[in-house]
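S.K.: Residue-level listing of the chains:
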Amino acid sequence: MTQKWLGLRAGLVSLALFALIVGAWHLATAGTGTAVKMDPAYAKLMGATATQGKSAMPGPGEVGAKIWQHLKDPFYDKGTNDKGIGIQLAYSIARVGIGYLLAVAVAIPIGFLIGMSPLMSRALDPFIQVMKPISPLAWMPLALYTIKDSAISAVFVIFICSLWPMLINTAFGVASVRRDWLNVAKTLEMSPSRTAWRVILPAAAPTILTGMRISIGIAWLVIVAAEMLVGGTGIGYFVWNEWNNLSITNVITAILFIGVVGMLLDQLMAKLQRLVAYAD
Amino acid sequence: MNTAFISVQGLTRRFADPSGRGELTVFEDLWFNVAEGEFACVVGHSGCGKSTILNILAGLDAPTEGHIIAAGKHVLGPSLDRAVIFQGHALMPWLSALGNVELAVSSRHPDWSRAQIREHAMKYLTLVHLDGSETKKPAQLSGGMKQRVGIARALAIEPRMLLMDEPFSALDALTRGSLQDEVITIRNATRQTVFMITHDVDEALLLADKILLMTNGPKAWIAEIVENTLPKDRTRAQLHKLPNYYPLRNHLIEFLVRRSRELALAPPPGPTAHRSLPIVRPATTFAPHAPTTALSDPAGEAPAGRLSASHVSAA
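Residue numbers (my numbering), protein chains in the order written: chain A, 2 to 281; chain B, 266 to 580.
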């Protein structure tokens, strides 16, 4: 009962805060009436920003209308520089998906190897320690030079940035599987592969999923920056393109969409995480 | 001895000293046998290496010197012939009670169908009275129920011998009692060979046929083997009313509180002496303070539970 009330009260506070922010935003960007007297023809040329003290920042109403417009028709395609936000987001999600899945395919087996073999753990540690702090975007020129394809380069950047959290978490999860469980596997004469599948993988799954959740978050952060660099398609490119168009309304809209998609990706991973969680 | 089912021969375990210099000898030159169908129990203080013996027997640890022959085979690693019941139950928390037993059954019988595995696992869960709770995860089970699953898992692979590492030490007294009764029932039905570690004297007296007394470590050694002279059909309820109970109990307690420490300081009586460990049968006596140590002939001629004063003969 109290739990329900807490949820309701929290919801109300959220709504109030939302109203407060939108209200402040509205007040801050609203015009103040005629601010400068000038020739009507010149004023028309200058626009509301100059003549009525109107901020260059769009107000919540304009952004809301823009969002509605995008939601009504998210998948239109009117040439290279005019695609619906749905298409742009789909490009970004596809890039993240491919790069991320490649990273999963590499990080989890290597993580297993590192976690199970103290030798490999020590041998690979210096490489990981050096590679991990490199900003994924620093790889971009090298990727463009070697791969010679901007779209694939963006995927590569996603791959490289998703790799490390998954690798490190998998290795940690595998290395910290309880000795008791491994002893059970041994006394049951389980083969190494059976032990890996039936004991180590389920035991380490929550830790691995934590790494995967961190990775998807980072990948979504990085894709925007990567697409600003490589251009062509994607939500990152959309933001940059709209900046060049000086359409701040579209930039703000895109920012909100990026946030919502990032949240959905995170929720998806959280769901998977709950699926493999176990109470000890 | 031809009857030995488990034969421990000159077993020594040394660990590298934590300081990095030299070695730490846990125990040295242990010799003892366990016959088929026998329930043997090692009693000693913590740190004397009891669990290490069990781990070596399970094949999870290797001796520094010596070896173990179990069921006619040299113990070189873990085997499905030797099932272990772990102290901390060691159930996989992501599997249900049934899933845990099924994992063991499918390891024993990789060629069985799912239905066969399920049926076999269910049979053993029913044996430990857990039918009805088979879908529960370990976290939803009480400590005693978890250990029951552990027992079912060990029995389900139908091992040649059961190894129990202080299986009930983490449980409260009531639960421990009911599980001990369970073990008695199961063992009476299966005549399973059991090797158990405990520090609970009453548990040893209730369950074991013979009790190996281990001195304190480091360099622990088995000082003597106490034959349990209590009637085979003893139950927990009447245990303390049996005439032999107090002499036996006093003997074990005396060993744990005093002799285990004193003997640890005294060197063992020469390497070969272990091969004919003194077998002790604290005899029935009506005087509670009568000498409780009765060294009998290792050949074991004296009948168990005889109403006589202690008799001593040279080993």
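These are calculated hints, taken from the structure and not from any lab test. Fair warning: this is a prediction, and the values are worked out from it, not measured in the lab. Mixed in with the good hints, there may be bad ones.
[Unchecked claim] Far from chain A by the CB rule (all over 10 Å, computed), these chain B residues:
| # | residue |
| --- | --- |
| 1 | 325 |
| 2 | 391 |
| 3 | 451 |
| 4 | 453 |
[To be verified] Below, computed lysine-lysine pairings styled on BS3-like, alpha-carbon distance capped at 25 Å:
| # | chain 1 | residue 1 | chain 2 | residue 2 |
| --- | --- | --- | --- | --- |
| 5 | B | 497 | A | 187 |
| 6 | A | 272 | B | 338 |
| 7 | A | 187 | B | 402 |
| 8 | B | 506 | A | 187 |
Ideal Cβ positions, reconstructed from N, Cα and C, are used throughout, including at glycine.
S.K.: Return the numbers of the hints above that this structure violates; sort them in rising order.
M.R.: 1, 5, 6, 8
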